[in-house]
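In order, the protein sequences belong to chains B, C, V and F.
Here UniProt numbering is used: the first sequence runs in plain steps of one and ends on residue 510.
Here UniProt numbering is used: the second sequence runs in plain steps of one and ends on residue 510.
Here UniProt numbering is used: the third sequence runs in plain steps of one and ends on residue 510.
Here UniProt numbering is used: the fourth sequence runs in plain steps of one and ends on residue 510.
Among the hints, a few may not be true.
Claimed, not checked - List time: in silico EDC-like cross-link candidates among lysine to aspartate or glutamate, alpha-carbon distance up to 16 Å: (1) C/K396 to C/D342; (2) F/K311 to F/D280; (3) C/K184 to C/D342; (4) V/K62 to F/D421; (5) V/K485 to F/D482; (6) F/K62 to V/D421; (7) C/K62 to B/D421; (8) C/K62 to B/E413; (9) C/K184 to C/E413; (10) B/K62 to C/D434; (11) B/K62 to C/D421; (12) V/K62 to F/D482; (13) B/K485 to C/D482; (14) B/K253 to B/D231; (15) C/K184 to C/D351.
What the hints contain is simulated information worked out from the structure, not anything from laboratory work.
Note that the coordinates shown come from a computational prediction; the quantities given were computed from them, not determined experimentally.
Number of protein chains: 4
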Amino acid sequence: MTELPSADFSAVLQRCGIELPALRGTDLSVRSPIDGAELARLAALPAAAMPAVIDAATRAFKQWRLVPAPVRGELVRLWGEELRRAKADIGQVISREVGKIVQEGLGEVQEAVDICEFALGLSRQLHGKTIVSERPGHRIMEQYHPLGPVAVITAFNFPGAVFAWNAALALVCGNPVIFKPSEKAPLSGLATFKALERAIAQFTARFGEHAPEGLAQIVLGGSDVAEALVDSPQIALVSATGSTRMGRAVGPKVASRFGKRILELGGNNAMLVTPAADLDLAVRAIVFSAVGTAGQRCTSLRRLIVHRDVKQALLDKLLKAYASLRIGDPLQPATLVGPLIDEAAFKALQDSIAQAEQQGGKLLCGGQRVLADQFPQGFYVAPAIMDMPAQTAIVKHETFGPLLYVLSYEELEQAIACNNDVPQGLSSCIFSNDLREVESFLSAAGSDCGMANVNIGPSGAEIGGAFGGEKETGGDRESGSDAWKQYMRRTTNTINYSRELPLAQGIQFG
Amino acid sequence: MTELPSADFSAVLQRCGIELPALRGTDLSVRSPIDGAELARLAALPAAAMPAVIDAATRAFKQWRLVPAPVRGELVRLWGEELRRAKADIGQVISREVGKIVQEGLGEVQEAVDICEFALGLSRQLHGKTIVSERPGHRIMEQYHPLGPVAVITAFNFPGAVFAWNAALALVCGNPVIFKPSEKAPLSGLATFKALERAIAQFTARFGEHAPEGLAQIVLGGSDVAEALVDSPQIALVSATGSTRMGRAVGPKVASRFGKRILELGGNNAMLVTPAADLDLAVRAIVFSAVGTAGQRCTSLRRLIVHRDVKQALLDKLLKAYASLRIGDPLQPATLVGPLIDEAAFKALQDSIAQAEQQGGKLLCGGQRVLADQFPQGFYVAPAIMDMPAQTAIVKHETFGPLLYVLSYEELEQAIACNNDVPQGLSSCIFSNDLREVESFLSAAGSDCGMANVNIGPSGAEIGGAFGGEKETGGDRESGSDAWKQYMRRTTNTINYSRELPLAQGIQFG
Amino acid sequence: MTELPSADFSAVLQRCGIELPALRGTDLSVRSPIDGAELARLAALPAAAMPAVIDAATRAFKQWRLVPAPVRGELVRLWGEELRRAKADIGQVISREVGKIVQEGLGEVQEAVDICEFALGLSRQLHGKTIVSERPGHRIMEQYHPLGPVAVITAFNFPGAVFAWNAALALVCGNPVIFKPSEKAPLSGLATFKALERAIAQFTARFGEHAPEGLAQIVLGGSDVAEALVDSPQIALVSATGSTRMGRAVGPKVASRFGKRILELGGNNAMLVTPAADLDLAVRAIVFSAVGTAGQRCTSLRRLIVHRDVKQALLDKLLKAYASLRIGDPLQPATLVGPLIDEAAFKALQDSIAQAEQQGGKLLCGGQRVLADQFPQGFYVAPAIMDMPAQTAIVKHETFGPLLYVLSYEELEQAIACNNDVPQGLSSCIFSNDLREVESFLSAAGSDCGMANVNIGPSGAEIGGAFGGEKETGGDRESGSDAWKQYMRRTTNTINYSRELPLAQGIQFG
Amino acid sequence: MTELPSADFSAVLQRCGIELPALRGTDLSVRSPIDGAELARLAALPAAAMPAVIDAATRAFKQWRLVPAPVRGELVRLWGEELRRAKADIGQVISREVGKIVQEGLGEVQEAVDICEFALGLSRQLHGKTIVSERPGHRIMEQYHPLGPVAVITAFNFPGAVFAWNAALALVCGNPVIFKPSEKAPLSGLATFKALERAIAQFTARFGEHAPEGLAQIVLGGSDVAEALVDSPQIALVSATGSTRMGRAVGPKVASRFGKRILELGGNNAMLVTPAADLDLAVRAIVFSAVGTAGQRCTSLRRLIVHRDVKQALLDKLLKAYASLRIGDPLQPATLVGPLIDEAAFKALQDSIAQAEQQGGKLLCGGQRVLADQFPQGFYVAPAIMDMPAQTAIVKHETFGPLLYVLSYEELEQAIACNNDVPQGLSSCIFSNDLREVESFLSAAGSDCGMANVNIGPSGAEIGGAFGGEKETGGDRESGSDAWKQYMRRTTNTINYSRELPLAQGIQFG
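Given these sequences and hints, build the entire structure.
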């Protein structure tokens with residue numbers, strides 16, 4: 001086992017602004033999935049400390065909401081600059097801590113940069129509507145106002161970007177943020193957060209009192225800390241990324257206190273490949289979206305629904321591509337598949353494979369652990385492809401790993417029905433060069449997912465569109481388009497500037 | 001007691017398309033609050049019948065979602081025409097059944113007409129966005145697609161308009177509707193619904209198969225019927241209007257099954273009157289919004305927050321106005337205040353008055369039952385004004401009746417804080433001709449309600465703006481602006497029409 | 001020659017509200033292209049009368065702009081109802097006066113109905129934006145306000161719908177309209193206008209003073225009348241439909257007085273047919289868009305750009321379809337091709353055919369006059385198809401008649417370049433089921449036209465989208481989407497409600 | 001006379017990237033209005049060279065339009081960074097070359113930075129709409145595509161910001177730019193442009209071929225150079241800032257070739273001061289907007305329309321404020337009023353004062369030249385206030401200098417009529433704390449200007465709103481809101497993905 005942490009990683013963390021000694025504790029043992037080495041032992045915040053944290057955010061809200069949005073935009077601009085500057089380092093922390101390959105670690109930081117720029121642009125918009133009134137001497141408008149403290153509870157698989165998605169919008173919209181990173185990825189969260197802290201410091205230096213204490217806070221800890229956020233009536237919006245199970249608990253809790261929530265839960269994302277598909281393009285997309293991040297993206301491809309006429313040809317190409325995948329240390333540039341996050345993930349994968357076989361599936365490749373000699377504490381698996389006779393129970397279940405089910409279809413309607421016949425509704429795609437097929441897939445009778453792509457895989461969304469899914473995925477949206485509206489409260493204002501008091505709907509009274 | 005129903009009311013119902021014999025049963029005794037006379041005895045649908053109802057809606061959805069939106073718009077246009085034609089009759093049913101004065105009954109039908117026209121306009125919009133992509137040969141768009149069956153559960157106080165608000169949008173958006181009217185106001189619901197049925201008949205005559213069976217259904221019944229809708233995973237959206245207590249039950253239930261909901265719950269609406277107010281205008285607005293619908297609007301004025309310098313002058317005018325209010329049979333054109341919905345409402349009002357007095361309040365006028373001789377089974381009260389020393393517990397509670405609390409303030413910030421210091425967040429207003437006061441009230445640091453008006457009362461919204469409130473009011477919106485989006489599902493589509501497969505965020509893979 | 005007009009047509013006109021005796025004069029001889037029969041002789045307004053007309057509109061503007069937009073919406077709703085009621089009659093007037101087949105005459109009235117409903121929906125929108133400010137205690141909003149009198153100058157080929165497109169939006173936006181119909185189609189204009197007059201009468205009956213004198217005026221006359229509108233500084237917006245030559249004169253005139261204009265000028269619309277096209281679908285679309293309205297739509301198909309591999313197959317089908325086209329009296333239900341508007345149009349067509357032959361073209365069918373025996377004063381031609389070796393000068397010229405040039409291509413880029421290599425930029429389309437081809441055609445490097453369709457012809461737009469074209473087509477838009485903004489003036493409002501006076505861009509002054 | 005240029009200014013220019021030797025010529029003598037010193041002698045581009053410039057832009061367009069918008073956004077981000085870095089230097093060049101005080105020079109650079117950030121945000125938006133279709137199996141969308149080369153012709157008074165406003169949007173929208181700065185301010189233009197060139201160099205280093213030759217060009221020269229741009233059919237959009245006289249020439253020229261244009265022409269901006277105004281706030285706003293940039297902003301305050309009851313009080317305060325204005329070298333931090341741009345401006349001012357006196361005006365202060373001893377070649381004037389008995393001819397004329405006319409009114413309607421009764425329609429404002437007055441001023445019956453502010457002066461707009469004016473100001477908009485749409489072409493796409501060919505408006509054909 002390596003030292004804790006290695007000298008060079010220590011330097012990386014320091015450049016990221018993470019001072020381990022100050023954070024050291026006994027609660028959280030952070031291990032790299034690469035080799036199981038302990039990267040840090042951190043203190044967790046006790047739940048009892050949460051009221052003070054939440055109070056600080058509540059106080060900060062009173063000030064921050066009054067800071068003009070374009071000035072708030074300057075803060076996210078500075079954050080974006082800091083992230084840009086620290087991109088290589090933060091990317092490396094992510095790779096070490098969650099096992100993503102270098103390119104994906106960097107991509108995640110880039111996504112954080114992108115959303116900062118997007119939020120900067122929003123900072124002079126946040127548009128409501130002016131509306132004509134039915135009454136003389138009246139006008140209507142709607143304004144969007146800051147909402148209140150926002151809690152961002154994230155999962156290990158996007159330990160930096162998802163926080164940035166939420167925080168950049170929340171901050172521009174006038175809200176303080178409290179960030180609860182995954183227990184499995186606190187360092188990545190810290191690295192992203194520290195860049196924000198540096199931005200706040202610069203901002204404060206320029207604008208003085210504008211950035212209040214408590215504007216951005218990070219809380220390391222377990223589910224009790226998360227629950228404190230979920231349950232607090234002071235937290236206006238809970239944005240939580242994780243499992244459907246988690247969402248099924250969080251949603252009702254927040255609803256019962258009339259809070260707002262953004263839930264980004266499970267996905268069980270399919271790709272349709274039709275006879276009109278460019279199979280080589282499809283293969284490249286399948287590989288990236290099924291094995292990227294070792295199949296641990298919420299948008300990872302899990303189901304391949306292929307027309308029976310092209311199934312064999314596609315599988316031939318796919319198996320060949322899988323056979324050449326370089327699995328190993330994600331910090332090595334040539335690696336395409338890194339380790340699973342931990343042993344539990346490995347076992348869950350094994351379990352799903354076993355169930356699938358019981359349900360008639362035939363394992364075409366992969367599934368086995370590899371590199372166990374080299375990394376006895378790292379859980380690397382050869383990405384698996386499983387041919388299924390039908391969409392059985394296990395196929396409808398989200399298994400977080402590089403396990404791809406293959407199903408076949410005859411008529412496009414069947415394929416769409418198959419795409420939709422799972423509880424989750426995050427992402428989906430079709431590979432086809434046939435306009436009618438493509439448009440049918442995108443139509444009201446097509447994919448029921450929040451994202452439906454054409455000739456690209458289900459994962460790897462740009463930040464310009466709204467991200468999120470339907471059904472058990474949660475139904476909410478974050479990132480681009482008008483997702484920012486969820487971070488604000490809308491107020492409808494009718495202004496009478498006449499000397500009369502006409503009533504709406506022509507009512508005469510008195 | 002009058003006969004069941006009177007001959008002339010029978011004729012009204014018939015003109016509304018309500019065939020009582022077919023509906024007759026023993027479950028629901030519908031009584032007019034005017035005199036307690038039983039208007040009808042109706043059969044309730046057993047909960048066991050709900051799965052078939054819901055299945056019919058689910059089947060209808062499969063067809064209706066494919067009908068082009070502008071064609072769906074034609075249906076709501078026809079509905080609007082039917083409502084316009086039946087306006088006087090439906091208005092009268094409403095007045096008889098829930099005790100609104102004639103003008104308000106008519107206004108409610110007008111509101112239904114208005115939303116049909118608004119929905120007609122939407123039927124050629126339902127705009128998503130086209131979005132530029134960061135990748136060559138790619139484009140992004142978002143489309144809004146039909147959502148699924150919508151349940152509309154309404155309260156007695158807007159027995160027609162709230163259904164129309166929801167159904168007109170739902171139908172144009174491609175969704176079937178199931179309408180569960182209040183047990184206290186099934187006839188008003190039926191009258192509004194029958195107009196839709198006639199529109200569907202005309203529509204079907206013209207377009208044939210376009211309007212499927214099960215597109216619009218009404219279910220008369222109790223809370224078991226409502227629960228069947230709330231709990232069914234086939235109901236995509238539950239739109240429920242009622243008490244905060246109801247919403248606190250419904251919200252988590254719907255959340256636990258990942259459904260969507262629109263909650264329109266309690267309001268505790270305040271008016272600020274500043275020294276810069278036009279007091280005569282304010283008095284007129286107070287009277288309409290505090291005693292209109294006998295104080296039983298969700299947007300009724302309940303709290304008057306007056307600057308101490310003008311408090312006495314305002315009260316003088318107000319008491320004079322209250323003294324001249326004509327209370328009585330709401331069907332008489334001169335009447336301004338009709339009866340409470342039932343005895344329970346009367347008792348709750350008495351109870352609130354008693355509590356308020358215990359908490360230091362001084363009853364300035366009203367509160368007592370009147371016309372008991374004439375209408376022994378009708379509960380008419382003289383609208384009450386209660387001077388309060390502070391915003392005590394009872395003031396923070398919504399009492400559904402003509403009870404107005406008066407509070408005073410010195411600094412505008414206090415008044416705004418007082419406005420906000422209640423659990424509800426529906427509507428609010430300021431009377432002032434002072435720009436700074438007004439804009440402060442509308443600003444991020446101002447009213448925290450979903451609606452904040454200037455120089456008009458908190459009630460009587462136009463349908464062009466979004467209607468709804470924050471906090472315990474539920475947080476959702478219906479009616480105008482972009483409220484229609486809640487009745488649809490959004491899909492983000494990224495289309496690759498190139499021969500390459502570039503990844504977002506510049507990631508290089510393989 | 002028939003009497004003037006026939007008894008039954010007299011009845012039609014009367015039902016349309018047109019009292020010929022009151023309009024009779026010697027200036028305008030209105031002839032039916034069906035048989036050259038004179039339908040009416042009408043008095044033209046002398047240019048000297050125009051100042052009074054324009055003054056009336058100017059006065060009306062002062063009042064109409066203050067009528068709330070939803071109330072203005074009620075006027076267009078009533079207009080829509082009147083049009084719906086008179087649909088058959090107005091349709092017949094159009095068919096008689098400009099020679100459209102019955103279905104197209106009715107379609108034009110339907111389009112007028114549609115835009116009234118669309119405008120009705122807008123009447124509660126007309127949304128500007130609320131915008132966040134960079135300064136504390138400030139907010140920004142933009143409002144759209146009525147613009148002023150709008151002149152609508154239309155062409156013979158859409159004698160009713162184009163007026164409705166403009167007038168419905170103009171009226172809802174708060175502007176009076178002055179309608180100058182084509183000298184060739186005053187009766188169709190009058191029929192459409194009279195429906196508006198009836199709506200105004202009903203509106204006035206309900207709202208009293210709301211609909212001012214001068215709100216809607218029609219002026220029959222020649223180019224001097226049109227020029228009076230173009231040149232008047234009181235006419236805020238000139239919306240003119242016609243030839244590029246006309247637009248080249250009108251545009252600079254309006255610009256020189258800083259007026260606004262909407263120009264809808266010539267089109268030279270192409271269809272690309274690729275090897276991936278459904279040829280049968282293409283043939284149907286070609287026939288409708290090339291011969292519908294006898295090729296006299298601004299969106300008529302004039303150029304067919306076919307891949308050489310499918311050219312012969314397409315031509316075979318097309319020639320067969322052309323051979324079966326029923327040419328004749330447009331009032332007969334079975335007729336698909338009616339007459340040209342007049343002899344000049346016929347001569348221009350002959351001239352174009354001759355030039356095309358000189359430039360290497362080969363006439364594949366049609367072009368000759370038919371039915372001359374039956375209708376010696378009616379100019380019916382067999383729709384022509386001309387095979388061209390290249391896009392020569394005459395092909396780049398818009399000939400208003402059923403003359404279709406056929407060109408071939410090898411690479412899609414060539415076809416797109418060919419589509420774009422004409423001075424006009426109105427409409428275009430591609431027939432292909434190949435996604436890449438289709439999206440390329442719609443992309444930034446694709447068609448440069450204002451409208452680019454897929455698998456439908458270039459003509460027959462729905463009113464939900466913006467209608468209009470680039471380059472010599474004028475560059476403006478009318479009808480759907482946000483075209484209404486051109487009928488309003490935008491005002492950007494920055495409101496300071498603080499007690500400070502901070503400057504934008506952080507400037508310190510004094 | 002100082003040397004050409006002074007050593008320190010040479011250094012400033014060099015830091016701005018301006019290599020004078022390479023630009024040196026005999027055509028343009030650039031003089032500082034501070035002291036008349038010649039700053040540079042530059043070569044002008046002969047008109048004969050313009051076709052090559054325009055061809056280069058045309059070629060660049062073919063490439064640049066295909067670069068994804070978010071990548072184009074990266075270029076404006078880099079430009080913003082370069083401007084931020086060079087802010088002090090560019091600000092100084094502006095101050096020296098056009099005589100603005102330091103704060104205003106810096107503010108102009110800040111405005112350029114702001115628009116770069118705004119454009120960056122747009123680079124992931126550029127939203128068109130998706131629209132529902134009336135036909136089954138059809139959908140509609142509109143896309144905004146790059147337009148073509150954009151010419152930006154600017155005036156001396158905003159020699160940097162106006163170029164940035166236009167270029168940042170044009171570039172993000174996919175268009176090359178050709179910048180023709182004022183002959184009086186080429187160095188400021190160059191300084192701003194050079195920052196863009198540096199950004200392009202960095203961009204090219206990162207993205208290779210993405211930034212084509214000819215993407216951004218600057219042309220120094222006279223009116224022949226400008227005319228070459230105005231007349232070229234290759235220039236898709238001419239954005240010209242300057243006098244109404246210029247616009248009256250440019251508008252028709254561009255219209256005659258069916259080009260697009262943005263005209264920002266003369267303003268004659270008024271402030272209403274009502275009895276409900278905060279007079280001290282008004283005085284501060286008047287001083288900044290009437291004397292800032294020595295009254296040479298297009299948004300400078302030129303007309304003060306004061307209620308007669310507060311006129312004297314306001315004038316007392318105003319004269320006192322004017323008396324303390326520090327006039328002098330704009331590079332000195334304490335200076336508030338710098339020189340006029342040149343002697344011609346001084347003479348025009350004198351001439352206006354003389355005419356105003358002939359028309360009954362009474363000069364209350366200022367108007368005379370000052371500091372002539374110190375700066376014999378600099379034209380400094382004491383800001384003038386002229387009391388006018390009525391809005392005479394000279395008052396309706398825009399005089400570019402610190403000359404403020406004072407008018408009085410009794411009724412608000414008069415004041416609004418007075419505000420509107422000039423040919424120009426750029427900016428306007430009201431000082432009042434009275435809601436009714438304020439809203440009336442902002443209403444459809446209020447100010448007819450493109451900008452109408454409340455409690456801030458007419459000048460100093462933020463970039464978030466649309467900037468521009470009505471009537472002789474040109475009618476166009478640039479900068480914020482949706483002004484970007486003018487830099488793009490809109491295409492309406494109807495896509496049929498069914499196997500049928502239904503026609504719009506329900507037409508049956510064949």
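Structure-based check of each hint:
Proximity of C/K396 to C/D342 is assessed by CA-CA distance (about 23 Å); at most 16 Å being required, the pair is judged violated. At roughly 13 Å between alpha-carbon atoms, F/K311 and F/D280 fall within 16 Å of each other, so this suggested pair holds. Our distance criterion of 16 Å between C-alpha atoms is met by C/K184 and C/D342, whose separation comes to about 9 Å. Restraint check: the Cα-Cα separation between V/K62 and F/D421 comes to about 15 Å, which is no more than 16 Å; the hinted pair holds.
At most 16 Å may separate the alpha-carbon atoms for a hinted pair to count; V/K485 and F/D482 meet this at roughly 12 Å. Our distance criterion of 16 Å between C-alpha atoms is met by F/K62 and V/D421, whose separation comes to about 15 Å. Proposed proximity of C/K62 and B/D421 is supported: the alpha carbons are some 15 Å apart, at most 16 Å. Proximity of C/K62 to B/E413 is assessed by CA-CA distance (about 13 Å); at most 16 Å being required, the pair is judged to hold.
At roughly 41 Å between alpha-carbon atoms, C/K184 and C/E413 are farther apart than 16 Å, so this suggested pair is violated. Distance hint between B/K62 and C/D434 is unfulfilled; the C-alpha atoms sit about 24 Å from each other, more than 16 Å. Taking the CA atoms of B/K62 and C/D421, the gap is about 15 Å. The hint holds against a cut of 16 Å. For the proposed pair V/K62 and F/D482, the alpha carbon gap of about 28 Å is over 16 Å, so the pair is violated.
For the hint linking B/K485 to C/D482, the alpha-carbon distance of about 12 Å falls within 16 Å, and the restraint holds. Note on B/K253 and B/D231: the hinted pairing holds, with a Cα-Cα distance of about 7 Å set against a maximum of 16 Å. For the hint pairing C/K184 with C/D351, the CA-to-CA distance comes to about 22 Å; that exceeds 16 Å, so the pair is violated.
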